[in-house]
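Engineer: Following the hints, position chain B against chain A.
Those protein sequences? They're chains A and B, same order as listed.
Just add 654 to the spot in the first sequence (first one is 1) and you have the working numbering.
Just add 722 to the spot in the second sequence (first one is 1) and you have the working numbering.
Read the hints as simulated data drawn from the structure, not as lab findings.
Misleading hints may appear alongside valid ones.
Capping the alpha-carbon separation at 20 angstroms, the derived lysine-lysine pairs in PhoX-like fashion look like this [unchecked claim]:
no.	chain 1	residue 1	chain 2	residue 2
1	A	K695	A	K663
2	B	K791	A	K690
3	A	K676	A	K725
4	B	K821	A	K690
5	B	K821	A	K695
6	A	K706	A	K721
7	A	K698	A	K721
8	A	K698	B	K821
9	A	K706	B	K821
10	A	K676	A	K663
11	A	K676	A	K721
12	A	K694	B	K774
13	A	K721	A	K690
14	A	K663	A	K690
15	A	K676	A	K690
16	A	K706	A	K725
17	B	K774	A	K698
18	B	K821	A	K725
19	A	K706	A	K694
20	B	K774	B	K821
21	A	K694	A	K676
22	A	K676	A	K706
23	A	K721	A	K673
24	A	K695	B	K725
25	A	K663	A	K706
26	B	K725	B	K791
Label-pair restraints from in silico Cβ distances [to be verified]:
no.	chain 1	residue 1	chain 2	residue 2	range
27	B	M781	A	Y664	44 to 54 angstroms
28	A	S753	B	S750	28 to 38 angstroms
29	B	T794	A	R717	11 to 21 angstroms
30	A	S693	B	P729	15 to 25 angstroms
31	B	A831	A	T661	24 to 34 angstroms
32	B	A735	A	E707	46 to 56 angstroms
33	A	V714	B	N818	16 to 26 angstroms
34	B	N741	A	Q749	27 to 37 angstroms
As the structure is a prediction and not an experimental result, all values here were calculated from the model.
Don't be surprised by glycine CBs; every beta carbon is placed ideally from N, CA and C.
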Amino acid sequence: DTAVSQTPKYLVTQMGNDKSIKCEQNLGHDTMYWYKQDSKKFLKIMFSYNNKELIINETVPNRFSPKSPDKAHLNLHINSLELGDSAVYFCASSQAPGSQQYFGPGTRLTVT
Amino acid sequence: DAKTTQPPSMDCAEGRAANLPCNHSTISGNEYVYWYRQIHSQGPQYIIHGLKNNETNEMASLIITEDRKSSTLILPHATLRDTAVYYCIVRVNAGNNRKLIWGLGTSLAVNP
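In isolation and in its complexed conformation, chain A is listed as follows:
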């Protein structure tokens, strides 16, 4: 059983479109995260939720909106996609904020 899963694995779309990435964890963790990894492999946290509440919101354009319908899911919706949004997006979860994190396989987003 996959601990942290993301869909889709690959996403190719045009500028200006709106898209969503989904994440689910079956570890019973309270905390979930979204990270962005750019072409230089730099991994930067975007958002973190604990018990469905937003606890970390880095300087991310408000075109990005996370949603946590329950503790096991954290989705990421992106409006008006731009070329600079092209990256690999990783979801992760942990028992508590900042503790050992388990990562999903990533979603490679390409905006053309």
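Structural biologist: Coordinates of chain B only, in the frame set by chain A:
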């Protein structure tokens, strides 16, 4: 901004110990050092973490200097499957929460 600096790349012979250094000279007293690795384009994988004392688990050992300004991750018997990017990370307090500040990592190549 990253709180750690690592050499961009290293080589190691299969079966030998791999010693990966990390500088974190601005680390605060209650900030932990974490190590993760990323194999090819997979999601990062937790390896080990520590605060002051040296730590060992089934994957690796973590040696932290007494002044806590640097640390070394040791893979005692490197195998080809240990070829990956190794990230040294400081966990910082963010208000009432904690987050991981990632650097650019060291790309370790284990050679036969």
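Engineer: Tell me, which hint numbers fail for this structure?
Structural biologist: Hints 2, 12, 17, 19, 21, 25, 27, 28 and 29 are the ones this structure does not satisfy, whereas the remaining hints hold.
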